[in-house]
Amino acid sequence: MTSASEPAWAGVPPSAFQIVACWYPLPSAPKHPGPKLRPGLVVAVYRRKSGGYACQIAYGTSQLKVAKRQHVDLIVQNHGDIGAFGLANATRFDLDNIAILPWSGEFFGCWGGRPSPVLGATLSEPYQRDFAYKMYLRKSA
Amino acid sequence: MGPVRLPRYDSEISITTHFVTEFSSYEATQKTPIEFYDDIDPEIVRGIQDRAAEILGDDELELIDGYDFRV
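These protein sequences, in sequence, are chains A and B. Residue 8 in this note's numbering sits at position 8 of the first sequence, with consecutive numbering throughout. Residue 4 in this note's numbering sits at position 4 of the second sequence, with consecutive numbering throughout.
These aren't lab readings, by the way, just hints derived from the structure by calculation. Just so it is clear, the structure is predicted and the values come from calculations on it, not from any experiment. Fair warning: there could be bad hints in the mix.
To be verified - Listed next, the in silico SDA-like pairs over lysine to any residue satisfying Cα-Cα at most 25 Å (straight line):
#	chain 1	residue 1	chain 2	residue 2
1	A	Lys134	B	Asp59
2	A	Lys31	A	Gln63
3	A	Lys68	B	Asp59
4	A	Lys36	A	Arg114
As the list claims (entries may be wrong) - Among chain A residues calculated to face chain B with C-beta under 7 Å, some are:
#	residue
5	Ala16
6	Arg38
7	Arg48
8	Lys49
9	Asn97
10	Met135
Just so you know, even glycine gets a beta-carbon here, dropped at the ideal spot from N, CA and C.
Can you build the whole structure from these sequences, using the hints too?
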């Protein structure tokens, strides 16, 4: 159930492997999401027993660090994919720093007047396989 | 099909103006702002997670999509 103060989109969860706009805190106040939105990859979606939803999110950065992180993180840098997934730039999703967040207006926001924090199409299968492989390597390490 | 007519520019200034205009109109069609993001700070992610944990409390979470990589 969504509370009256929550936006309408909070009643409709995103899908796994969609990219959403998340509020990211300032270093001076890490427990207060905002003031800037940045892309986050939805890794898992949960239904909360008390009502509403929560998502597991891998935050995105435009600091690609390809040489250092290409084998551990998910990097979207193909020009066509950047547009299709709703990104503005080539983006690396940091798989070492994943958080479970309530799907609510405190943690997510709408980018560029969109009706929902969801930015674009679901990541295509090669990205999903790449993600699964990298997470498998982490688990088996 | 006839010969392709390329645009002609009288001076370097007009060429610059042309590309500045083209870039501006390209930027205006973007769906999201062109921004660059700092690297992910593990301390910040921990802070967000702490705040989220305060809200989620001991609420039971049922996986409905994706992969649960909680360890």
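Evaluation of the provided hints:
{"no.": "1", "hint": "Lys134(A) x Asp59(B)", "in the structure": "violated, 29 Å"}
{"no.": "2", "hint": "Lys31(A) x Gln63(A)", "in the structure": "holds, 23 Å"}
{"no.": "3", "hint": "Lys68(A) x Asp59(B)", "in the structure": "violated, 37 Å"}
{"no.": "4", "hint": "Lys36(A) x Arg114(A)", "in the structure": "holds, 16 Å"}
{"no.": "5", "hint": "Ala16", "in the structure": "holds, 3 Å"}
{"no.": "6", "hint": "Arg38", "in the structure": "holds, 5 Å"}
{"no.": "7", "hint": "Arg48", "in the structure": "holds, 5 Å"}
{"no.": "8", "hint": "Lys49", "in the structure": "holds, 4 Å"}
{"no.": "9", "hint": "Asn97", "in the structure": "holds, 4 Å"}
{"no.": "10", "hint": "Met135", "in the structure": "holds, 5 Å"}
The structure does not agree with the numbered hints 1 and 3 stated previously, though it agrees with the rest.
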